[in-house]
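Residue numbers (this note's numbering), protein chains in the order written: chain U, 1 to 331; chain B, 1 to 278.
Simulated from the structure, these hints should not be mistaken for laboratory data.
Warning: the hint list may mix true and false statements.
Calculated lysine-lysine pairs in the BS3-like style (CA-CA distance at most 27 Å, straight line) [unchecked claim]:
id, chain 1, residue 1, chain 2, residue 2
1, U, K180, B, K188
2, B, K244, U, K143
3, B, K273, U, K143
4, U, K208, U, K292
5, B, K275, U, K264
6, B, K188, U, K188
7, U, K312, B, K275
8, U, K264, B, K273
9, U, K188, U, K3
10, U, K264, B, K258
11, U, K325, B, K188
12, U, K318, U, K217
Listed below are the residues making up each chain.
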Amino acid sequence: MTKIFVIAEHRQGQVRDVTFEMLTKGRELAEKANAELVAVLMGKNVGEHAKTLAEYAKTVLLIQDSKLENFNSEAYSQVLTRLINEHNPALVLIGHTSYGVDMAPRLAAALNVPLGTDCIDLAYESGALTLTRQMFGGKVNVKAAVRKAETYIVTVRQATFAPQKPAAPANGQIIETPSKLTEEITEKRFIQYVFPPPGGVDITAAEKLVGVGRGIKDVTNIPMVEELAKTIGAVVSCSRPIVDKGWLPSDRQVGTSGKTVKPKLYVALGISGAFQHVLGMKGSDLIIAVNKDPNAPIFSFADYGVVEDLFKIVPPLKNKVYESKAQQTCK
Amino acid sequence: MKTTVNEVSITWRDKRLDIIVCVKHVPETAEAELKIDSTGKAIDRTGLVFDINEWDDYALEEAVRIKEKQGGTVTAITVGADDSDSTLRKCLARGADKAIRLTDPRFDGSDGYAVAKILHSVIRNLPFNLILTGMQAGDDGNAVVGPILAEMLKIPHVTMVKKLELGAGTVRTNRELEGGLEEQVEVKMPALLSIQTGINEPRYVSIMGIRKAMQKEIKVMTLADTGLTENDVGVAGSWIRIEKMYVPPVEKQAEFLKGTPDEIAVKITEILKAKGLI
Chain U
1 MTKIFVIAEH RQGQVRDVTF EMLTKGRELA EKANAELVAV LMGKNVGEHA
51 KTLAEYAKTV LLIQDSKLEN FNSEAYSQVL TRLINEHNPA LVLIGHTSYG
101 VDMAPRLAAA LNVPLGTDCI DLAYESGALT LTRQMFGGKV NVKAAVRKAE
151 TYIVTVRQAT FAPQKPAAPA NGQIIETPSK LTEEITEKRF IQYVFPPPGG
201 VDITAAEKLV GVGRGIKDVT NIPMVEELAK TIGAVVSCSR PIVDKGWLPS
251 DRQVGTSGKT VKPKLYVALG ISGAFQHVLG MKGSDLIIAV NKDPNAPIFS
301 FADYGVVEDL FKIVPPLKNK VYESKAQQTC K
Chain B
1 MKTTVNEVSI TWRDKRLDII VCVKHVPETA EAELKIDSTG KAIDRTGLVF
51 DINEWDDYAL EEAVRIKEKQ GGTVTAITVG ADDSDSTLRK CLARGADKAI
101 RLTDPRFDGS DGYAVAKILH SVIRNLPFNL ILTGMQAGDD GNAVVGPILA
151 EMLKIPHVTM VKKLELGAGT VRTNRELEGG LEEQVEVKMP ALLSIQTGIN
201 EPRYVSIMGI RKAMQKEIKV MTLADTGLTE NDVGVAGSWI RIEKMYVPPV
251 EKQAEFLKGT PDEIAVKITE ILKAKGLI
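The shape of chain U in the complex, shown without the other chains (with noise of 0.2 Å):
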């Protein structure tokens, strides 16, 4: 019978999301190809996590090792080129995350199976896949035609595929197999997780949030925005590329790399929409944003657009914003 893997990812004692989602969309994927979905995991002590993917996958193959304890790109793709060879999936799902990002390229090119990363949506036909990917930042998709394998590897975007339990608990099988790691792996070594310094802002806290992007600019013009964010009564928050030039400071980052936030107000100001930034924000309660460009995407995600320069809307719209409550205190 065909197969289709999920190679299952956690960390620090959590199955992550991605996890459930490729579950989820390997679930349609079998069904339609007549298919076996597969969990594969690699760890130490993860039985309790082998039972949750139990409800989610027929089979799930179970490899214990005190080397795969940590994410190790060389350690997985080792056992993974081992379980591929013998199972022969059709295909393997992978999350187009920090391990995934790792791991895929190189377990690809030593298998010589065909690629497609960070697809925001696959179909499997007769022993064709066809993957959806975006490019420019998510300003275009594309759809891309893989080369014809009896194996394929596809890496999948975060929070893309909503994850559902199936109707009733696969029941899976656990099936532990060994690692057959037989050395150490001495090329590359995990040697701890690096937690961010405590302190600072928590913007998840916040109410009201005023988001900066590359529209700004220059980090002269960040006190603008901050003076914006005061009349409101918001906090200052941002998008990767202004932590990166080190205009604002880590906590302040809103993302996949950085926090996620709810708050009831989002103003985004010059900030495009890529997709690791909106995962961040897309659950604030009313998002608003600025933009020069019409086709941004954060559009798609904001309820109020306004096509324009940052640097035209944010005097006027704080001195509206201050008669407004000034009006308000003399009443």
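With the hints as your guide, set chain B onto chain U.
Here is chain B on its own, set in the frame of chain U:
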């Protein structure tokens, strides 16, 4: 014993390193309005400004900083058309010693896998201790070339590197995970590191630097110089092929506020007031 270890490590730190940086010449699209061209498979390049890929910019800076600290060479290499020279010139002006451009019409349509094969064919004959690449390119966002190249060269790799520290024959990196978390990973050299943005502050290029860089040679190589065949590169040598490019379907569209900036400011203020947010 301990002294010996320290000596080895000091010796290593004094050692000059040969570093190769893989770069890509890409359009700046973050703030541009994109149009799809008549083929329906690519963007219309008219009016777009091209520059070094943002991630590669950080990779190059990191390489130059290592060279400045402990000596060695930095070689910038790209697969691209003639106009990639401006990106290579920028690399040379920033401190790269050599530049190589791999150009051939038969490279057109190459995906990350094919590009990795092209780079490999040249890099395998060059001396190096470290290869730095950007973590991904801002155009296709595949994030595959680095690790595939590392596999072809049989050297270890680390992706999404936010910090690196050279040790005795090893390099210790901090790589970015989700939600502000990082992990420390150590690899043996020679190694390939794919660099994440924010690892450093890329320097501005001085006029002097650009002038000097104009005199440096850019070595141009074609398919014939790589030892690859035309089936290894381009669409034929790729895993994936773009069939159609389109504007992402809009599931929800913002209600656009129109008028003069003052009028828009009033409208936003009214919305905030109505929602009790001010």
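List, from low to high, the hint numbers that the structure doesn't satisfy. The structure breaks hints 3, 9 and 11; every other hint is satisfied.
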